[in-house]
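Construct the complete structure from the given sequences, taking the supplied hints into account.
Line order of the protein sequences matches chains A and B. Following UniProt numbering, the numbering of the first sequence begins with 1 at its first residue and continues without gaps. Following UniProt numbering, the numbering of the second sequence begins with 1 at its first residue and continues without gaps.
Treat the hints as calculated values from the structure; they're not laboratory data. A portion of the hints provided could be inaccurate.
So the derived label-pair ranges between C-beta atoms look like this [said to hold, decoys possible]: (1) A:Ser460 to B:Gly8: 53 to 61 Å; (2) B:Asn162 to A:Leu105: 20 to 28 Å; (3) B:Met17 to A:Ala92: 55 to 63 Å; (4) A:Lys153 to B:Asn162: 34 to 42 Å; (5) A:Gly171 to B:Leu206: 50 to 58 Å; (6) B:Gly88 to A:Asn88: 40 to 48 Å; (7) B:Leu206 to A:Lys129: 17 to 25 Å; (8) B:Asp190 to A:Pro34: 40 to 48 Å.
Example chain B residues on the side facing chain A (calculated, C-beta under 10 Å, incomplete) [claimed, not checked]: (9) Arg20; (10) Asn57; (11) Ile203.
Quick caveat: nothing in here was measured; it's all calculated off a predicted structure. No residue lacks a Cβ here, since even glycine has one placed at the ideal position from N, Cα and C.
These are the residues of each chain, in order.
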Amino acid sequence: MLHNKSFVKKTKAGKVMKQVREHYLRDDIYCGAPFCKVCDTSAARLSDSASTVLVLDTNVVLNQIDLLENPAIDDVVVLSIVLEEVKNKNMAVYNRIRAICSNSLRKFFVFSNEYHRDTYVKEMSGETKNDRNDRAIRVATQWYQSHLGDAVKVLLITNDKENKRKATEEGIRAETVESYVKSLARSDLLDLVVRPSSEDVDMEEVEDLRPSKRKVIYTEHKPMSEITSGLHRGIYHQGKLRVNRYNPFEAYVGSESIGDEITIYGRTNMNRAFDGDIVAVELLPQDQWREEKSLSIACDEDEDEDEDVHLAPSSADDAPRTIPQQGSIGETNPISSRPSGCVVGIIKRNWHSYCGSLEPMPMPAGSGGVAHALFVSKDRRIPKIRIQTRQLENLLDKRIIVAVDSWDRQSRYPSGHYVRTIGEIGDRDTESEVVLIENDINSRPFSSQVLACLPPLPWSVSSVDLTNPIRQDLRNLRVFSVDPPGCRDIDDALHCTALPNGNFEVGVHIADVTNFVHPGTPLDEEAAQRGTSVYLVERRIDMLPKPLTEDICSLRADVERLAFSVIWEMTPEADILSTKYTKSVIKSSAALSYVEAQARMDDSRLMDPVTTDLRNMNSLAKKMRLRRIEKGALTLASAEVKFQIDTETHDPLDIGMYQIREANQMVEEFMLAANVSVAEQILRSFPSCSLLRRHPTPTREMLEPLLRTAAVIGLHLDVTSSKALADSLDHAVGDDPYFNKLIRILATRCMTQAVYFCSGDLSPPEYHHYGLAAPLYTHFTSPIRRYADVIVHRLLAASLGIFKLPPIFRDRPQLTSISDNLNYRHRNAQMAGRASVELHTLIYFRNRPTDTEARIVKIRSNGFIVFVPKYGIEGPVYLIPRTEKGGGEWYVDEQQQKIKKMDGSLSYSILQPVTIHMEVVEPQPHRPKLQLTLI
Amino acid sequence: MEYVSPEGLRLDGRRPMEMRQIRAEIGAVAKADGSAVFEMGNTKVIAAVYGPREVQNKSQLIGDQALVRCEYSMANFSTGDRRRKQKGDRRSTEISLVIRQTMEACIMTHLMPRSQIDIYVQVLQADGGTRCACINAATLALADAGIPMRDLVTSCSAGYLNSTPLLDLNYVEDSAGGPDVTVGILPKLDKVTLFQMDSKLPIDILDNVMQLAIEGCKAVANYIREILLENTKELEYRRGV
Chain A
1 MLHNKSFVKK
11 TKAGKVMKQV
21 REHYLRDDIY
31 CGAPFCKVCD
41 TSAARLSDSA
51 STVLVLDTNV
61 VLNQIDLLEN
71 PAIDDVVVLS
81 IVLEEVKNKN
91 MAVYNRIRAI
101 CSNSLRKFFV
111 FSNEYHRDTY
121 VKEMSGETKN
131 DRNDRAIRVA
141 TQWYQSHLGD
151 AVKVLLITND
161 KENKRKATEE
171 GIRAETVESY
181 VKSLARSDLL
191 DLVVRPSSED
201 VDMEEVEDLR
211 PSKRKVIYTE
221 HKPMSEITSG
231 LHRGIYHQGK
241 LRVNRYNPFE
251 AYVGSESIGD
261 EITIYGRTNM
271 NRAFDGDIVA
281 VELLPQDQWR
291 EEKSLSIACD
301 EDEDEDEDVH
311 LAPSSADDAP
321 RTIPQQGSIG
331 ETNPISSRPS
341 GCVVGIIKRN
351 WHSYCGSLEP
361 MPMPAGSGGV
371 AHALFVSKDR
381 RIPKIRIQTR
391 QLENLLDKRI
401 IVAVDSWDRQ
411 SRYPSGHYVR
421 TIGEIGDRDT
431 ESEVVLIEND
441 INSRPFSSQV
451 LACLPPLPWS
461 VSSVDLTNPI
471 RQDLRNLRVF
481 SVDPPGCRDI
491 DDALHCTALP
501 NGNFEVGVHI
511 ADVTNFVHPG
521 TPLDEEAAQR
531 GTSVYLVERR
541 IDMLPKPLTE
551 DICSLRADVE
561 RLAFSVIWEM
571 TPEADILSTK
581 YTKSVIKSSA
591 ALSYVEAQAR
601 MDDSRLMDPV
611 TTDLRNMNSL
621 AKKMRLRRIE
631 KGALTLASAE
641 VKFQIDTETH
651 DPLDIGMYQI
661 REANQMVEEF
671 MLAANVSVAE
681 QILRSFPSCS
691 LLRRHPTPTR
701 EMLEPLLRTA
711 AVIGLHLDVT
721 SSKALADSLD
731 HAVGDDPYFN
741 KLIRILATRC
751 MTQAVYFCSG
761 DLSPPEYHHY
771 GLAAPLYTHF
781 TSPIRRYADV
791 IVHRLLAASL
801 GIFKLPPIFR
811 DRPQLTSISD
821 NLNYRHRNAQ
831 MAGRASVELH
841 TLIYFRNRPT
851 DTEARIVKIR
861 SNGFIVFVPK
871 YGIEGPVYLI
881 PRTEKGGGEW
891 YVDEQQQKIK
901 KMDGSLSYSI
911 LQPVTIHMEV
921 VEPQPHRPKL
931 QLTLI
Chain B
1 MEYVSPEGLR
11 LDGRRPMEMR
21 QIRAEIGAVA
31 KADGSAVFEM
41 GNTKVIAAVY
51 GPREVQNKSQ
61 LIGDQALVRC
71 EYSMANFSTG
81 DRRRKQKGDR
91 RSTEISLVIR
101 QTMEACIMTH
111 LMPRSQIDIY
121 VQVLQADGGT
131 RCACINAATL
141 ALADAGIPMR
151 DLVTSCSAGY
161 LNSTPLLDLN
171 YVEDSAGGPD
181 VTVGILPKLD
191 KVTLFQMDSK
201 LPIDILDNVM
211 QLAIEGCKAV
221 ANYIREILLE
231 NTKELEYRRG
241 V
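Take a look at the structure:
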């Protein structure tokens, strides 16, 4: 069965080395056709009556993956050599083709031609690797044809002309993608076909097609060899390009080699790079380093782009990037000391598919034919994309997904192809779907494999659970939960019992999700992939299937539920004397809402046991909170808003700021304490593989915008430590009641978000959580909606010796990749939540033009940015109409952060309250936006 | 990195439970009392056995049993880069010790008191699993030398990559940094004489991986027995019996 054919390979690992690898050729690799008489058909994937079998060339898989994902393409043989080539060139495409191959609904078969005795080809002398692989594909195609006989047509699909010619010479049927799709006679499929970029096509053809596009717009990318040597010599710098979310003509490249961010202005300098691409940058000569243009709200270049009204950012990660001013405005020749550069080459593309709509255009004559259209992405960082379509009339008023294929030097915009339609523009469901897609959130229903992991319904606590020695019976305790109104996924409950010695026994009971979600099951993998539940204004996308989320794990009132409990003995001064962790069975006696809990505590007539417990807990929580604030925990504020949604139409009825009550703070306090206790416990047992959460200390540069604003209004903020900052924030009280909150909001947005990490990856001082002023912190209290908590539950159970630690914890890189994924998902979930709120704000104001009070938070040369506290939104107000350039009537006082009228009659300064008018306007069709005007 | 493709093939085309091709030859060094060459895929080792003979260093003499000595070395040309390796470095000292202990456990040393047996093994070509190949070669060479043994010792390694137990790791798989379990057994007596592991492995998986390695050892044992039988037949034929 084994045939040993060693072959010689040369690899370059610093130096040239000869390497020898064994390569076993087999005769037990089967063709995958169920009707095959010779082969073992147990693993066959092709259809029973396949009349045509397709063999794909590498370039087809690489470029036409969207087409392959369409179920119309089936009975495909994917050769292992093709997979290998795809893997080397583009990992994302590789993962997608692998997903298709493993999908049981699709008829894609992977044929390991490289290990098959008859289809393995040896490299001939003088033959390039590419030619050998092409030959291997042809040999495999030929083998398939002779193996399956004449009844089946084996078709090689290739867009490589040379390969096609050779195939035809060798008597193999070969077709290009276009001609094959045309033969299927499906016009919607044709839109999915990626057209070869004009650089691949002969020059004459381009001239025929678009003579006007002969002009070269962008400079050529340097060849890879030159880039590598340039990086080596230090003349180029490598980094990830990040486009400014608020100004798509400005991008940053964080470069390790010069330890600073390189700013790139304009599309020409960006040279066809997309957001997220790994690029090589060359610094411009110093006299071309430009002063930052952020002083003006809009930055006009060749496209009309402007700043939109958006939600007020809640942390530095969401906020527009502002860079401290270096030179003053009055200088004649402002030279920035910030390096700026231009992109010379793209090392790795970050192209994926984008959501958006087509730019409105008139129907071309003879509709039904091929039309060229420009696609505008919802994500403003993405340039317009040119696509070809045969169904223009259908697409004009739709949200569609488009993938990018190429961007050559002659065209101003990249070219791409249509992938699929989401729905009508402006429709709430469509726009919500767009929000989900843009944030890479999987909202598909759970698969049957995942649902199969659920316990049988209806589920209740069994006698096995009760007699289990690891599980303590706490049903006799008076446990209750406090949550937002209408909460159905209750993952935490509390109890508080006065002990005879005057101390209190306080317990935090968390839903025992890991009792149902076992490591390595499809359910676990799906949850790990989703990472978190996503809360949109009108819907919730669960991390775990609904029966678990709302029933089995939810700690509802008056039902027995399994829990993981942290129980402290506390003195009346809220000092923790002892901590106990145990799995338990509880029976919640009441599921209160924050409002109810607050009302009970406030109503002095009520003396029932639950209310007494609540009061006891509240007094403990207040002490704990005070102690935490003394240690330097920051009370930060965010402009969170709450919608009231119509139950029938799901349209927003009212919005307002989220109100925080004492009851919220009480629950929060105990959750924080539980998280800290658990973090200590798991780190003690597993110093190198615990999942913790840290909040990096903000650097002085990050706090700069806050300090500048504070300085202008004569406020001194001490930012040397979190304690100092907390104190100075406390002292920042102005004459108006909202002032303090505004300063806190401004402070919050200077900080980055807290992140999950694996304890082995960092040194203990870096574990610190700045915002909470805690040396250790983790997430333990919401396992129903956060996967991090599921991991922590497993760690805690293992540290108590109840369960074995799943093998994944031994694999540090894998743990790191899990925590990276959690951070990514967490962030996306937040972004999606914000986008959903923005969307609903727009829907809300569509029929309700409103006058409201706002605060000026930033001064610009032609206006200012205001923050509307009531609705938590932020947007520009123009004093000078955007069409007029220069203005002249107004000037900006940089030092005072004021904008004044020339004659001195009017001036606006930072943090000043103004009254504005809010209205939804639609300057371009299908692009409604909120406009703020000064009254 | 993907060491086992979803189709169930390893990088070199083997399936997870398959060994590399093995080949053995007896009598490679005419001067020695017993010698053998053993190949597992591209790993090739030569073993030569001298003895039982008079103890060279009298201070090492043991009154009631034979002294077993073992020296492991790697030829300079055995790996891709021709680096001159120092003799007696940490790694080879350790492997020498491992081989000596393993062989000592099966040689009936009490039958040859006051004598010495020298085992020399050299790696001619290294591609992972040299330790196992050396033990197998040494067994053959000892048998060729006619030294009384309780049983043949055979050895094989197994690893655990991409959540799959893999038999007989080659160099690429070995350098993946995953667990590498080396097992040596006495196949007839069904006893384990050598057990080594790099990296960590959960206990239930270790069981599977170890079973796989033992299967490998048994396969090697069958092959070695065949080779010995063939060799004996040839000797028989030459003697004209």
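Comparing the hints with the structure gives:
{"no.": "1", "hint": "A:Ser460 to B:Gly8: 53 to 61 Å", "in the structure": "violated (42 Å)"}
{"no.": "2", "hint": "B:Asn162 to A:Leu105: 20 to 28 Å", "in the structure": "holds (25 Å)"}
{"no.": "3", "hint": "B:Met17 to A:Ala92: 55 to 63 Å", "in the structure": "violated (33 Å)"}
{"no.": "4", "hint": "A:Lys153 to B:Asn162: 34 to 42 Å", "in the structure": "holds (37 Å)"}
{"no.": "5", "hint": "A:Gly171 to B:Leu206: 50 to 58 Å", "in the structure": "holds (54 Å)"}
{"no.": "6", "hint": "B:Gly88 to A:Asn88: 40 to 48 Å", "in the structure": "holds (42 Å)"}
{"no.": "7", "hint": "B:Leu206 to A:Lys129: 17 to 25 Å", "in the structure": "violated (41 Å)"}
{"no.": "8", "hint": "B:Asp190 to A:Pro34: 40 to 48 Å", "in the structure": "holds (44 Å)"}
{"no.": "9", "hint": "Arg20", "in the structure": "holds (7 Å)"}
{"no.": "10", "hint": "Asn57", "in the structure": "violated (41 Å)"}
{"no.": "11", "hint": "Ile203", "in the structure": "holds (9 Å)"}
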